[in-house]
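Let the sequences and hints guide you as you build the complete structure.
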Amino acid sequence: MVNEKKLIGYTCSYIPVEILAVTGFKPYRLLSGEINLARAGEKILKVDACPLIKSNLSYILENSDKFACIVGSTGCDMARRMFDCLQELSDIPTYIINNPRTDKPEIFYDEIDWLVKELEKLSNKRFEPELINYEIEKWEAVRNLYRQLEAGRRLQTASLLSAAEFAQICANYHRGAIELEIKTTNYFNPPIGGLRKSTKPSVYLIGSPIPYEAHSIIEMLENEVRLVGDFNCGISRFLNIKIQNKDLAGIKQAYYKQIPCIYKRPNHDFYAMVGERLKELACQGIILWTLDYCDNYEFELKRMEKTFGLPVLWLRSDLSFQNKSQLKIRIAAFAEMLRQSI
Amino acid sequence: MKEVLNPRERFGLLVIDEKPDRCNIIPLITSHSATVYKIGLKEYYTNGKTMAKAQIAAIEEYGHDAISIFSEVGIIAEAMGSEFIYPDDDLPVLKSPILTKVDVFALKVPNPQKDGRLPIYLEAIDYAYSAVGDKIPILAYVPAPFTTGMMLSDPNQFLLATIKNPNQVKAIIEMSLKAAIDFCYEIINAGGLPIIVDPLASSSVISPRAYQEFALPGEQGLIQFLHRYDFDVILHICGDTTPILDLLLQTGADLISLDKVALKLAIEKLAKKMRIIGNFDTTKIGFGTVDEILKETKAMTRIGMRAEKGYIVATGCEVPIFTPTENVKAFIRAAKEAGWYWD
Amino acid sequence: MPKKIGLSDWSEQFKLVSVEQIKKFTYYHNSEWGIYLSPPATFMVYGTRELKRLKLDNSFAALRLWGFVFNESERLFRAKQIGKKVIATMGDLGIVPVIIMAFPDCVPFYPECIWWTPFFKESTVLLDTATQLGIPEATCFSKATLGAFYKRAYFPRPDAIFASTGASCDDYSCIMQLVEDLGYEIVWLEIPLRKGQKAYPNNASGRLEEYLIGEYQRVWKKMVELTGISNKNQLIKSIKKANQLRNLVTSIKNLTYEAPKAPLPGLELMTIEFGNLYGYADIEEWIDILKMIKRTIEDRIEKGLGVLQEDAIPIAWITPSADPLLLNLVEDAGLRIVQTEYVINQALVPIEEDIDPFRALARAFLQASLIGKTSERVKRIIAGVKEGKIKGVLITNMLGASHCAMETGLIMRFLSAVPVLAIDVPQPFGITEQLKTRILAFAETLKH
Chain A
38 MVNEKKLIGY
48 TCSYIPVEIL
58 AVTGFKPYRL
68 LSGEINLARA
78 GEKILKVDAC
88 PLIKSNLSYI
98 LENSDKFACI
108 VGSTGCDMAR
118 RMFDCLQELS
128 DIPTYIINNP
138 RTDKPEIFYD
148 EIDWLVKELE
158 KLSNKRFEPE
168 LINYEIEKWE
178 AVRNLYRQLE
188 AGRRLQTASL
198 LSAAEFAQIC
208 ANYHRGAIEL
218 EIKTTNYFNP
228 PIGGLRKSTK
238 PSVYLIGSPI
248 PYEAHSIIEM
258 LENEVRLVGD
268 FNCGISRFLN
278 IKIQNKDLAG
288 IKQAYYKQIP
298 CIYKRPNHDF
308 YAMVGERLKE
318 LACQGIILWT
328 LDYCDNYEFE
338 LKRMEKTFGL
348 PVLWLRSDLS
358 FQNKSQLKIR
368 IAAFAEMLRQ
378 SI
Chain B
18 MKEVLNPRER
28 FGLLVIDEKP
38 DRCNIIPLIT
48 SHSATVYKIG
58 LKEYYTNGKT
68 MAKAQIAAIE
78 EYGHDAISIF
88 SEVGIIAEAM
98 GSEFIYPDDD
108 LPVLKSPILT
118 KVDVFALKVP
128 NPQKDGRLPI
138 YLEAIDYAYS
148 AVGDKIPILA
158 YVPAPFTTGM
168 MLSDPNQFLL
178 ATIKNPNQVK
188 AIIEMSLKAA
198 IDFCYEIINA
208 GGLPIIVDPL
218 ASSSVISPRA
228 YQEFALPGEQ
238 GLIQFLHRYD
248 FDVILHICGD
258 TTPILDLLLQ
268 TGADLISLDK
278 VALKLAIEKL
288 AKKMRIIGNF
298 DTTKIGFGTV
308 DEILKETKAM
318 TRIGMRAEKG
328 YIVATGCEVP
338 IFTPTENVKA
348 FIRAAKEAGW
358 YWD
Chain C
2 MPKKIGLSDW
12 SEQFKLVSVE
22 QIKKFTYYHN
32 SEWGIYLSPP
42 ATFMVYGTRE
52 LKRLKLDNSF
62 AALRLWGFVF
72 NESERLFRAK
82 QIGKKVIATM
92 GDLGIVPVII
102 MAFPDCVPFY
112 PECIWWTPFF
122 KESTVLLDTA
132 TQLGIPEATC
142 FSKATLGAFY
152 KRAYFPRPDA
162 IFASTGASCD
172 DYSCIMQLVE
182 DLGYEIVWLE
192 IPLRKGQKAY
202 PNNASGRLEE
212 YLIGEYQRVW
222 KKMVELTGIS
232 NKNQLIKSIK
242 KANQLRNLVT
252 SIKNLTYEAP
262 KAPLPGLELM
272 TIEFGNLYGY
282 ADIEEWIDIL
292 KMIKRTIEDR
302 IEKGLGVLQE
312 DAIPIAWITP
322 SADPLLLNLV
332 EDAGLRIVQT
342 EYVINQALVP
352 IEEDIDPFRA
362 LARAFLQASL
372 IGKTSERVKR
382 IIAGVKEGKI
392 KGVLITNMLG
402 ASHCAMETGL
412 IMRFLSAVPV
422 LAIDVPQPFG
432 ITEQLKTRIL
442 AFAETLKH
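Residue numbers (the working numbering), protein chains in the order written: chain A, 38 to 379; chain B, 18 to 360; chain C, 2 to 449.
All the given hints hold, so there is nothing to weed out.
Computed cross-link-like contacts, DSS-like style, restricted to lysine-lysine with a CA-CA straight-line distance of at most 27 Å: (1) K437(C) with K80(A); (2) K154(A) with K374(C); (3) K16(C) with K125(B); (4) K80(A) with K374(C); (5) K326(B) with K86(C); (6) K187(B) with K16(C); (7) K24(C) with K195(B); (8) K241(C) with K222(C); (9) K141(A) with K223(C); (10) K158(A) with K374(C); (11) K141(A) with K233(C); (12) K19(B) with K81(C); (13) K315(B) with K152(C); (14) K152(C) with K343(A); (15) K53(C) with K195(B); (16) K53(C) with K70(B); (17) K53(C) with K66(B); (18) K141(A) with K374(C); (19) K290(B) with K24(C); (20) K25(C) with K289(B); (21) K36(B) with K86(C); (22) K374(C) with K103(A); (23) K80(A) with K392(C); (24) K16(C) with K131(B); (25) K304(C) with K292(C); (26) K81(C) with K326(B); (27) K290(B) with K81(C); (28) K152(C) with K353(B); (29) K312(B) with K277(B); (30) K80(A) with K380(C); (31) K86(C) with K289(B); (32) K290(B) with K86(C); (33) K152(C) with K346(B); (34) K339(A) with K152(C); (35) K36(B) with K85(C); (36) K326(B) with K85(C); (37) K326(B) with K25(C); (38) K175(A) with K103(A).
Source of the hints: derived by calculation from the structure; they are not laboratory data.
Pasting the structure below:
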C-alpha cells in the first residue's frame, strides 16, 4: 500500500507511538473536543455517551480521507465501541488491541505483536529492528526534552513556562508534530532580576483526557492555582513512558509498566504511583477533571479524597464550557480554601 | 455506632435468623402516635389516612422500627355487631356486646372492606405501605379469637361460660377465628403484616387451663392460616404470662411479645424456638424519669440480646397515650446504644 | 383459563393450594425454613411493592417460579447457615458459576442481579446508598450491587468473590472496584475482546481461548484452596447440569415464541432466561420448576390456550428491562416478545461436552453478548426480521450505562427494516404516562 494518507489515529496511551510511526504515517492522538462535533456525534450515539468519543467520531468521519487507519484499545468501553461505529460508517481500517484491565502482560505483549503484523500489512513494510530502534530514539529524545520542560513547571519559583503553554506544546506531541522546533531558551533562562516565588497553591490535575480545544480550562485554573503536574491524556501523561531497551520488547515493557490507568483492576497501583507523585510535588490539592459520563473517574471521586487525603475540586464538562463563570467562581473558591489551609 | 440498615432490612434479617446491625426496636406505639401527631384520639381511630399519618409522624419523631396500625382490641367484635362508645379523648369502649342480643349462630363473618372500622384499618395500612413501606414494616394488630370472643359477649358471662358452657365459648371462638382470618387476608393484600394480640388470654385474666382449652386453639388456628403465607407470626399477650410460658411454645408463633414476665425466664424457656419481643414496663415508660428509662432499657436490652433466635426491644404493652415524648426517646436511645450486633 | 392476574386474584387462587402442596416444594430439602411456595402477597408484605401492580401468570408452575425467585435472598443466607460456601461471581454473566458448582456445597450467585430489587421494591434505598458511596446519579442500576454489599442485608458475606472485567460494561467494572474498596477481597478475572475470524485468521479464537482457560484455571485453583477438593469429573458433571438447564430454557423459549398464542408472559420468560446464570442458588430445584413450566406450556399449546391475544404483534427485546413492569405494559399494548438479546448469550448457548471442560467453558464465553461487535449481538434478531417473524424491536437502556450509550444508535441502524423504540428505563416507580404513551404509539405503528 502506498503511503498516501498521512495520519494514523490512535485513542489510548497504551498504544506505542513508535510502532505507529514505523509505518511512515504520522501518529495522531484522537483528542477532538469540539462541542459542535460532539453534538454531531449524537446522530449515532446517545446523549449520554462521552463527549470526547462523540467528537472524535464526528471528527474522524468528517476527515476520513486524512486517516490511513485508526488504532484503539479496550481501555475504556466507550472508546473501543467507537470502533464498531467506525467499522459501520466508514471504510477506514481499524485495529483494536486487547489492553488487559487486570495484570496480564502476556495479553498485552501478544496484542502488540498482533498490531505490528497488522500494521506491516497495512503499510507494506517490515518492521525491522533498526526501524523500530530509530523511532524509539526519536521519540525518546522528544520525551526527554519535554521532561525538561515539565521540570520547569515544578520549580517552586514562578515558572517561565505556564501549564497552558506546556499543554499546547504537548499537543504537538499528540498530533505527531514532534519535528516542530520548541524555542527552549526562553524557558531555561530566567529574566534579569530573578524569578518571583509563586504564591498560588500547588495542585495536581487528574482525570479524563483534555481535548485539544479544551485548553482554556488550564488557563482558567492557572489564574488561581499552580498546576505542578498532571496525569491526563492530552497533556503530560506520555512522559511516564521511558523505554530502556531500544527494541520491540523494550516498547512493550515500557508501555505496559507505565503508571496505570485508573480503569485497571484493581487500581491500587494507580493510587500508589499517583500518590507518590503528589508527595514529591508537595501538592496541596487536586483538580479532578471529568468529561460527562466518564465512569472510570467519576466513580472514584470519593476514593480519591479518602486515599490522597487532599482536597479535591471536581470539574465536570460536556465540552460546551457554557458554565465558564461558574467554573471560575468554583476554582477561585477552591484556591482560596487551599490558601487558608496552608 | 452508625446505622447501616433501615427497619425493613433489619426486620428481614431477624426473621431469617440473621443478626442485623442492631436490635429491632419496636415499642408498641399505637394510639400514642395521636399525641405525637397532635390530634384527638377519635380522629385517630376513625380515619385511616390520619391513623397512618400519625404513625408516620411517630416514626419521624422517634426513629423506631415499625409502623403499628392499631387502636383497640374490639375492632373485629365491632364489625360483627358489638356496639362501642367513641369518646373524643379516649379509645372506644364496649357498650353493648352483640351476643347479649343474638345467638352465636346468628353471628356473621364481617366483610373487612365494609363493616365497622375494619376498612379504616385497611386504609391506614394501604396509605402507610405506599408512603413508607419500602423502608419500614407495616404491622397490623389483629385481635385473636379469644379476645374478640370476649368483646362479642358480656365479659363476665364469657368467662363464666368457659366453665359452665364451654361449647358455647368454642362456637364463639370459631366464628371469631373466621372473622380474624378474613381480616388478616385483607390486611395482607393491603401490605400489612398481621400481629396477633390476645391480651384477654393472659394469666392476669384467665387460668392456664382456660388458656389451653379456649385461647390457644384460636391462636393456633390463626397462626396456621398465616403460616400458609410463610409469614413469621408475632403473638402479643400482655399481662402476666408466666404460668403459660410452656404453652406458648405450642401456639406456633415465631415471635412472642411479652409483658409481665421475667425476661431471663422467658429467654430460658422460649428463646430456642421463638424470637423474644419485650418487655419494658409500660408504667415506667409512661411515668418514669428519663434516667431510669435509659438505665433500665439498656439493662433489659443486654439481657434480651442473649436470646438465641433473636430479640426485639419493645415495651410490654402499648405505650400509654400521653407518655412524654422524651421518655419514648430515652427508651429508643438507650436501646440503640446497647443493642448493637455488628462492630 | 391461562391469563395474567394481579395480587388479589393470586391471593384468591392461593386459597385452593393445599397445605400438602405448600410443604411439598422446598429448597435445600429443608422442611423447616425451605418452603417457598407463597403467593405474591407474602413477598409484597415483606416489601416487594411492585407486586401490587404487576400481573403474573396464573399457573401453579408460575407460583412456584415466583415464590422461588423472590425467596432467593433468604436462600443465600440459609445456604451459609447450613455450612455451604456462598460465592459471588460478578461481571461474566454465565460461566464462572459452572465451575463453582463443580465443588460440593458451593453456591454461586450474581450480586448484579440485585439491580431488579429497587424496582420490585419500588424503592431507591439501594440506589441512594450507592450514590452516598460515591457512584454518580446517571449510572446503570446495577449500582444497587454496591449498596447491597455495603448493607449486608441482601446476601451473606461471600466466601469468595470473582469479578470479571475487561471488554464489557465500564459501569459495572467501576462498581466492582468500589466493592473491593469496601473491604471485600476480590479475585479479578480478565474478559478479552472478541475480535473474531478476521483478527486471527490462522487461529480464529485460539489465543482468546487460552487467556480464558488460564482465568478459569485460576478460579479452579481458588476454589480448591477454599474447599480442599479438586475433582475434574465434577466439572464435567457441572457442565452437563448447566446444559440440561440451558436446553430446557431453549425449548421453553422456542415453544413460547413459536406458539400461535403466547403460552407464557414475557416477564416470566425473562426471569427464566436469567435463571441460566446460576439457577437462583439451587439449580436442582430450579430445573424442577422449569420442567413444570414446560409441561404447563405444552399443555396450553395443545389446548390452543395462551395468555396474550392471538393477534399480539411479535417483537424482539434488546437489553433487559430493570423495571419488570415494562414487560407487562408492552404486552398490555398488544405486543408479544418472540426474541430477546438480554446481554447474557453466554449463559444460553450449550457448552461443548466432548472437549476439555475449561476449553469448552472458554468457547461458550466467547459467544458473550457484550464482548464483541454490536452487529454480532443482534445477528439473530436481524435474521428474525428478515424472516418476517419480528415486526418491531424494543431497546431498553439505562441512562449512563456505557454500552447502551454506544450501541443503541448502531442497533437502530442495523434493524432499520422495522420500527425500533429505544427507551431509557426510568428510576423505580418512575414510569410516566408519557412513557406509556410512547409504548402505545409504538404498538399502533406496528399494527399499521
